[in-house]
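K.L.:
Note that the protein sequences, when read in sequence, are chains A and B. Going left to right, the first sequence walks through residues 1 to 114 as my numbering numbers them. Going left to right, the second sequence walks through residues 1 to 112 as my numbering numbers them.
These aren't lab readings, by the way, just hints derived from the structure by calculation. It cannot be assumed that every hint is accurate.
[What the hints assert, rightly or not] List of simulated lysine-lysine pairs, BS3-like, C-alpha gap at most 30 Å:
#1 A:Lys65 <-> A:Lys17
#2 B:Lys69 <-> B:Lys3
#3 B:Lys99 <-> B:Lys3
#4 A:Lys18 <-> A:Lys65
#5 A:Lys18 <-> A:Lys71
#6 A:Lys17 <-> A:Lys57
#7 B:Lys99 <-> A:Lys69
#8 A:Lys18 <-> B:Lys69
#9 B:Lys69 <-> A:Lys69
#10 B:Lys69 <-> B:Lys99
#11 A:Lys65 <-> B:Lys69
#12 A:Lys57 <-> A:Lys71
#13 A:Lys57 <-> A:Lys18
#14 A:Lys69 <-> A:Lys17
#15 A:Lys17 <-> B:Lys3
#16 A:Lys57 <-> B:Lys111
#17 B:Lys111 <-> A:Lys65
#18 A:Lys69 <-> A:Lys18
#19 B:Lys69 <-> A:Lys17
#20 B:Lys69 <-> A:Lys71
#21 A:Lys65 <-> B:Lys99
#22 A:Lys17 <-> A:Lys71
#23 A:Lys57 <-> A:Lys69
[Stated by the list, open to error] Using C-beta positions, here's what the derived DEER-type ranges look like:
#24 B:Ser28 <-> A:Glu53: 26 to 32 Å
#25 A:Leu88 <-> B:Pro21: 25 to 31 Å
#26 B:Asn96 <-> A:Thr15: 35 to 41 Å
Glycine residues also receive a C-beta, built at the ideal position from the N, C-alpha and C atoms.
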Amino acid sequence: EAQVTQNPRYLITVTGKKLTVTCSQNMNHEYMSWYRQDPGLGLRQIYYSMNVEVTDKGDVPEGYKVSRKEKRNFPLILESPSPNQTSLYFCASSLSSVGTGELFFGEGSRLTVL
Amino acid sequence: DAKTTQPNSMESNEEEPVHLPCNHSTISGTDYIHWYRQLPSQGPEYVIHGLTSNVNNRMASLAIAEDRKSSTLILHRATLRDAAVYYCILRDVSGNTGKLIFGQGTTLQVKP
């Protein structure tokens with residue numbers, strides 16, 4: 001089954017404790033991206049990747065890192081999480097980096113930073 | 001970055017058509033218009049996309065203005081399962097950027 005898988009789905013952590021949210025897709029997609037969703041602010045893009053080893057900042061990249069060492073995986077790294085990173089996170093992928101393809105989203109990862 | 005503007009919320013009665021508008025006055029020639037919807041407690045899902053011509057699929061229709069500065073997502077017969085947040089976004093077809101701006105979308109309520 002074609003899907004985008006995020007882990008963990010739920011996480012409660014403390015300020016400063018490094019964490020990684022994994023994202024994996026099984027569709028051989030070129031493009032992958034991370035978003036955060038907060039009440040009243042909608043979906044905001046954190047980082048995106050046009051292909052392996054090619055990443056770039058979205059609108060809200062501060063406090064986050066990403067890597068794209070292989071095509072299927074695009075982990076989101078919070079080196080030193082802070083309470084303002086408490087949010088619902090979504091990973092998405094699409095076959096192509098250009099605008100003709102639909103985005104497939106994961107089910108979301110709810111992160112709470114105390 | 002090209003942005004879209006949508007009403008915050010809309011209401012519809014079940015089994016009636018729904019027209020969800022989106023303004024994108026700064027759209028460029030290389031932008032595709034995409035629509036996604038997000039059901040409660042789920043990730044967004046693709047609905048439809050187009051460039052210039054109107055498009056139909058099993059879920060909805062997309063009507064694009066001649067000047068491409070606005071578009072309308074049409075749900076022909078709303079059902080209770082269509083209650084969701086609908087997002088209109090622009091995706092650059094040139095490949096120069098992967099930036100996407102979703103905004104807050106339109107929350108659609110469907111009344112029985």
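K.L.:
Given the hinted pair Lys69 (chain B) and Lys69 (chain A), is their Cα-Cα distance within 30 Å?
P.N.:
violated (38 Å)
K.L.:
Take a quick look at whether Lys17 (chain A) and Lys71 (chain A) sit within 30 Å of each other, Cα to Cα.
P.N.:
Holds. Lys17 (chain A) to Lys71 (chain A) sits at ~27 Å (cutoff 30 Å).
K.L.:
Under the criterion that the straight-line Cα-Cα distance not exceed 30 Å, is the pair Lys69 (chain B), Lys99 (chain B) satisfied?
P.N.:
holds (19 Å)
K.L.:
Does Lys111 (chain B) pair with Lys65 (chain A) here, judged by a C-alpha cut-off of 30 Å?
P.N.:
violated (43 Å)
K.L.:
Holds or violated: Lys57 (chain A) with Lys71 (chain A), Cα cutoff 30 Å?
P.N.:
holds (18 Å)
K.L.:
Hint check: Lys69 (chain A) vs Lys17 (chain A), CA-CA at most 30 Å. Holds or violated?
P.N.:
holds (23 Å)
K.L.:
Holds or violated: are the alpha carbons of Lys18 (chain A) and Lys65 (chain A) at most 30 Å from each other?
P.N.:
Within the cut-off at roughly 11 Å; holds.
K.L.:
Sort out whether Lys3 (chain B) lies within 30 Å of Lys17 (chain A), counting only the CA atoms.
P.N.:
Since the Cα atoms of Lys17 (chain A) and Lys3 (chain B) sit roughly 35 Å apart, the hinted pair is violated (cutoff 30 Å).
K.L.:
Would you mind confirming whether the straight-line C-alpha gap from Lys57 (chain A) to Lys18 (chain A) stays at or under 30 Å?
P.N.:
Holds. Lys57 (chain A) to Lys18 (chain A) sits at ~20 Å (cutoff 30 Å).
K.L.:
Compare the distance between the alpha carbons of Lys65 (chain A) and Lys17 (chain A) with 30 Å, and conclude whether the hinted pair is satisfied.
P.N.:
holds (14 Å)
K.L.:
For Lys65 (chain A) and Lys69 (chain B), compute the direct alpha-carbon distance and say whether it is at most 30 Å.
P.N.:
violated (35 Å)
K.L.:
Given the proposed pairing of Lys69 (chain B) with Lys3 (chain B), does the C-alpha separation stay at or below 30 Å?
P.N.:
holds (11 Å)
Checked against the numbered hints given earlier, the structure breaks hints 8, 9, 11, 15, 16, 17, 19 and 20 and satisfies all the rest.
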